[in-house]
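**Q** Next come the chains, spelled out residue by residue.
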Amino acid sequence: MKTPQPLLEMRGLEKRFELDQGFLETIKLRGGKIVQEKRAVHAVNNISLQVAPGEALCVVGESGCGKSTVARLIAGLLTPSAGEIHYDGQRIDNRSRRAMMPLRKKMQMIFQNPYASLNPRMTIQQALEEPVRYHNPALSRSDVRDKVAEVMRAVGIDPSWATRYPHEFSGGQRQRIAIARALTVDPEFIIADEPISALDVSIQAQVLNLMLEAKDQRGLTYLFITHDLSVVQHFGTKVAVLYLGSVCELADTATLFENPKHPYTRALLSAVPQLKDDHPNHIRLRGEIPTPINLPPGCPFESRCAHANSRCAPNNPAPCNSLMARSPHAMRLKKGAWTAKPRTGGTE
Amino acid sequence: MSLLSVRDLSVKFAMRDTTVTALDQISFDLAKGERLGIVGESGAGKSITGFALMNLLSRPGFVDKGKIMFQGDDIVQMPEARMRNIRGNQMAMIFQDPMVTLNPVLTIGQQMVETLQAHRKLSKAEAEQIAIVKLREVYIPSPEERLKQYPHELSGGMRQRIIIAIALLLDPQLIIADEPTTALDVTIQADIMELLLELCQSNKVGLILITHDLGVVSQMTERTLVMYAGRIIEAGRTREIINDPQHPYTQGLINALPQQTKPGQRLKQIPGNMPSLTAIPAGCPFSPRCEFVKPHCLTEAPKTVQYAHVEVACHEVNRLHSSTDSITQSDKAEEIQA
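Heads up: the sequence lines are chains A and B, in that order. The numbering of the first sequence is numbering that gives the first Met the number 0, which starts it at 0 and goes up by one. The numbering of the second sequence is numbering that gives the first Met the number 0, which starts it at 0 and goes up by one.
No wet-lab data here; the hints were simulated from the structure. One or more hints might be untrue.
Simulated restraints, written as ranges between beta carbons of each label pair [said to hold, decoys possible]:
id : chain 1 : residue 1 : chain 2 : residue 2 : range
1  : B       : N202      : A       : L268      : 42 to 50 Å
2  : A       : D185      : B       : K147      : 52 to 60 Å
3  : B       : N202      : A       : R265      : 29 to 37 Å
4  : B       : M14       : A       : N293      : 48 to 56 Å
5  : A       : G31       : B       : S154      : 31 to 39 Å
In this text, a Cβ means the ideal position worked out from N, Cα and C, and glycines have one as well.
Make the full structure from the sequences, and use the hints.
**A** Structural data, given as structure tokens:
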């Protein structure tokens, strides 16, 4: 079987945010000398990922690992510092706003907070009609209205509520409306940035079901950003674990949960509170996530890793294929590190 | 004698022309050194319970009826001067967001010394010594230096540790933790929970853990209360509630978790939303969302009954149990036929 062409591809994607803007801020005093240096937050470092049509790639990680930056880079809301993004075989990261327009119809985004992503001064009808009209100027008014009503029914919102304003809806309903808004233009690719984190448990299930339904019925491809690993296990077909802006493990969902390879993934999985297990075997990580300002050259996880040895600090591990995972990009870990004894005495 | 005993506590909020019931006759006990979880979704009344226990309800909220007996004294009737003596001293509270709880313009040291000096006659040097000991207990590296730092210089996990250290400063009998790790990442959450559990066990401190996360409750507490629309709808040993929930809402809450369904399949959702406090349905508040609803559920409020090791407020608890059994049996029969 021929491997299908990826719908979305990131090649060596990087994003740095300059901290020192303007000439004066870059002037520093170092050891009695005046030098010019720029500090930058390395939000995303050399990420290469592929999303095949019909897949749901989940990007997980803790706050500050660059998940949302990845989403914004793909949606074209940020410009990458280096690397390329290809959509359906075409490069999209260097396009102008105007050239990006036809893609916006194919690629839609759902944000975390439905209280902030809906305009409080527009009725639901207006909010849902706007993208349809913009992307299909040829449609008649009644066609637009039909389209909106159809999508509202699809997400379980009664079309007769269309004249209401967002504040009249609950959080779960608002998130459905936000999803409806993304679906009105019949996209093929959805970037969902923590779409259910702001919702209650019983409402999370409702919204997640809706997204699964949309996936099956409309053949959608998802890039799903989340910090909640149980949602990943349920929703994703592939998982990329991010740490300090780098992918530390990429695998099929089932493979990753059965047999996590990277020490960080193991620690992350062990930290999820379990319902049934009385005594979890929580792997404690030393210290806290280092700052992404001027990252050290070696493995980003080195400072907290129990298996770190002398080769981890100077060299960034190259991605290598593990035996269990089929993906050619399964993990970024030097094999030798596993045999090394856990380092005693930590740095803080 | 139990450390804390809440009897028929009702909390109301005065609106312009009506009052809204936020807590409806809740009763529970907490033994000395016991760990109790309060679970529910937003709007269930979990945090209001926490505030009422600390006597921190502010207008328009007020305690309408009921008693909160803490070490034999009723907190509801207590004059503010005495309450101030108890608050922070014998019971302490940990809030969700560590950035909001700490004062941004005071150093960690100033805030800890202030708390100590408010309750005990101590010199600044003595108070600082106690603060350093407590910071060490929560595994804060180089505590002497932290005392001179401001909250913004520390990470979220570190700040929450400091809050726990402040809560433990005066060796309280009871800690009320309101979503203490919701704002933190999973790995940090696991650290903080482990720490809190360790400290409560070693110092014999009672803990009331308010959270929406059933996983956290399952790992941290001995007993659990499940709240819905200002009522306790199920109470009992945590293990019993997690393994064999009786109330349809608790069952729904546990079944809605993605772990309970095979990957890629539809999650078992609870239809509808939590009712707003201004429009709590008559009868059983869960009746509009309940799949086992019967006519009398819509008119009569259910009484709390003992059933299968837990206390549960549901009319249909017997039927519910036999029907789920029959469903699983018919499922099995279908499987055999297939």
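**Q** Which numbered hints are broken by the structure, listed smallest first?
**A** 1
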